[in-house]
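Enquirer: Whenever a hint applies, use it, and build me the whole structure from the sequences.
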Amino acid sequence: MLEQFKEWYIKLENYEEDKEEDIEEDFELLEISDLDSYSFVRAGKWWSVLARDKWKCLSCGRSAREDSVLLEVDHIIPRSKGGSDDIINLQTLCKKCNIGKSNKDSTRL
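For the sequence shown, the residue numbers in numbering that gives the first Met the number 0 are 0 to 108.
Since the hints were derived computationally from the structure, they do not count as laboratory data.
Among the hints, erroneous ones may be present.
[Stated by the list, open to error] Calculated lysine to aspartate or glutamate pairs in the EDC-like style (CA-CA distance at most 16 Å, straight line):
1) K80 with D66
2) K95 with E71
3) K55 with E65
4) K44 with D85
5) K44 with D66
6) K100 with D85
[Claimed, not checked] Restraint ranges, calculated between C-beta atoms of paired labels, are given here:
7) N88 with A63: 18 to 24 Å
8) E6 with D85: 53 to 59 Å
9) W7 with S79: 52 to 58 Å
10) S79 with K44: 18 to 24 Å
These figures come from a predicted structure and were not determined experimentally.
Note that the Cβ used here is the ideal one computed from N, Cα and C, for glycine as well.
Expert: Next comes the structure, spelled out in structure tokens:
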């Protein structure tokens, strides 16, 4: 009986160690996929959209080279209407054109 108890105790210790390792791995995954990482990926994606659109507003054609122009990356189909963050659903708009666009729009300006 004592031998069986020792076996159970060893198995329990091993189980707890395995669980701790699993938890540590889960935390490492959380650190990799936290908001800062998402922001980094999002920034890279947005940079790609701006470069693809040649740093110009697709609505009015104004360029980022103009002093007063602030470019933004806009969702063609708004996320509130089921639009995705895929590059194909993103376009470059200047701040002025983007402010005039509501979430009712679902077409490229």
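Enquirer: Work down the list of hints and note, for each, if the structure agrees.
Expert: Here is how each hint holds up against the structure:
1. K80 with D66: With Cα atoms ~33 Å apart, K80 and D66 exceed 16 Å; violated.
2. K95 with E71: Cα-Cα ~10 Å, so holds.
3. K55 with E65: Holds: K55 and E65 sit about 10 Å apart, inside 16 Å.
4. K44 with D85: Within the cut-off at roughly 9 Å; holds.
5. K44 with D66: violated (24 Å)
6. K100 with D85: Violated: K100 and D85 sit about 19 Å apart, past 16 Å.
7. N88 with A63: 18 to 24 Å: holds (21 Å)
8. E6 with D85: 53 to 59 Å: Distance hint for E6, D85 holds at roughly 54 Å.
9. W7 with S79: 52 to 58 Å: holds (55 Å)
10. S79 with K44: 18 to 24 Å: holds (19 Å)
Hints 1, 5, 6 from the earlier list are contradicted by this structure; the remaining hints agree with it.
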